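Participant: Quick mapping for you: the protein sequence lines, in order, are chains A and B.
Numbering of the first sequence is given in this note's numbering, commencing with residue 1 and proceeding in unit increments.
Numbering of the second sequence is given in this note's numbering, commencing with residue 1 and proceeding in unit increments.
Note that these hints are calculated values from the structure, not bench results.
Being a predicted model, the structure only gives us computed values, none of them experimental.
Be aware that a few hints might be false.
[Stated by the list, open to error] Some chain B residues judged to face chain A by a derived CB distance under 10 Å, without partners named:
1) VAL4
2) GLN6
3) ARG9
4) THR13
5) TYR35
6) MET89
7) GLU102
8) TYR104
9) PHE105
10) GLY106
[As the list claims (entries may be wrong)] Here are some chain B residues the structure puts well away from chain A; computed CB gaps all over 12 Å:
11) LYS11
12) VAL19
13) GLN37
14) SER66
15) GLN80
16) ASP86
17) VAL113
18) THR114
[As the list claims (entries may be wrong)] Selected chain B positions facing chain A (in silico; Cβ < 8 Å):
19) GLY42
20) PRO43
21) LEU46
22) LEU84
23) SER87
24) ALA88
From the three backbone atoms N, C-alpha and C, an ideal C-beta is built for every residue, glycine too.
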Amino acid sequence: GNSVTQMEGPVTLSEEAFLTINCTYTATGYPSLFWYVQYPGEGLQLLLKATKADDKGSNKGFEATYRKETTSFHLEKGSVQVSDSAVYFCALSDQTGNQFYFGTGTSLTVIP
Amino acid sequence: EAEVAQSPRYKITEKSQAVAFWCDPISGHATLYWYRQILGQGPELLVQFQDESVVDDSQLPKDRFSAERLKGVDSTLKIQPAELGDSAMYLCASSFGESAYEQYFGPGTRLTVT
Chain A
1 GNSVTQMEGP VTLSEEAFLT INCTYTATGY PSLFWYVQYP GEGLQLLLKA TKADDKGSNK
61 GFEATYRKET TSFHLEKGSV QVSDSAVYFC ALSDQTGNQF YFGTGTSLTV IP
Chain B
1 EAEVAQSPRY KITEKSQAVA FWCDPISGHA TLYWYRQILG QGPELLVQFQ DESVVDDSQL
61 PKDRFSAERL KGVDSTLKIQ PAELGDSAMY LCASSFGESA YEQYFGPGTR LTVT
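Please build the complete structure, drawing on both the sequences and the hints.
Facilitator: Right under this line is the structure:
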């Protein structure tokens, strides 16, 4: 079946450090891949997405590349800020677009 | 900017009581989703509506949970009777079409069952 596996947290980084949050997936066919972010006390917000292999999603300095050969969609940012502190969820949508699967989330804390 | 509205934001109830949550999706969004998010985990889909019809409720515990979207706009999720294990965040999301792309989430309702 379809599933998403994220690196476990929590992750604590100093401001301006490089961020990588690993995400791998299992899916049949050609899923779409997403990163969502959840700030404290809020709902999930779409951060970026990629709909086919080798696509790169990007937003707010974050990037992730859809790698079919390694079934991965790792989230990266070159220089994190305190305001990036949140929980990040990797997710996939199956080929029909009607089923969504979320990872367990990775908590990021950025310290000044 | 249009948002998904949910109420209440927080709810404390005793086990065996009934509880209800309300969601108002973004205007014009035909698809509405209810998710349950247990602390430390990702959201799990409970039910999906396309307009007023249920598209997927395979993960909804139907012995105690019910959901409706009578006019294809706002929706109510009910639990009766509540159990301790129902303590979680209940998230509502909506999207324009049938595809799960571009889901917009509300702030959620935090339920605590005592």
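Participant: Hint by hint, say whether it matches the structure.
Facilitator: Against the structure, the hints come out as follows:
1. VAL4: Interface hint status for B/VAL4: holds (7 Å vs cutoff 10 Å).
2. GLN6: holds (8 Å)
3. ARG9: holds (9 Å)
4. THR13: Where the cut-off is 10 Å and the nearest Cβ of chain A is about 20 Å from B/THR13, the hint is violated.
5. TYR35: holds (8 Å)
6. MET89: holds (9 Å)
7. GLU102: holds (7 Å)
8. TYR104: holds (8 Å)
9. PHE105: holds (4 Å)
10. GLY106: This interface hint holds because 5 Å falls under the 10 Å limit.
11. LYS11: Per Cβ check, B/LYS11 is outside 12 Å of chain A; nearest 15 Å; holds.
12. VAL19: Since the minimum Cβ distance to chain A is about 19 Å, B/VAL19 lies beyond 12 Å and the statement holds.
13. GLN37: violated (9 Å)
14. SER66: holds (22 Å)
15. GLN80: holds (25 Å)
16. ASP86: holds (19 Å)
17. VAL113: holds (20 Å)
18. THR114: holds (21 Å)
19. GLY42: Holds, because the Cβ-Cβ distance from B/GLY42 to chain A comes to roughly 3 Å (cut-off 8 Å).
20. PRO43: holds (5 Å)
21. LEU46: violated (12 Å)
22. LEU84: Violated, because the Cβ-Cβ distance from B/LEU84 to chain A comes to roughly 22 Å (cut-off 8 Å).
23. SER87: Nearest chain A Cβ about 17 Å off; hint violated.
24. ALA88: Hint on B/ALA88: violated, closest Cβ of chain A at ~14 Å, above 8 Å.
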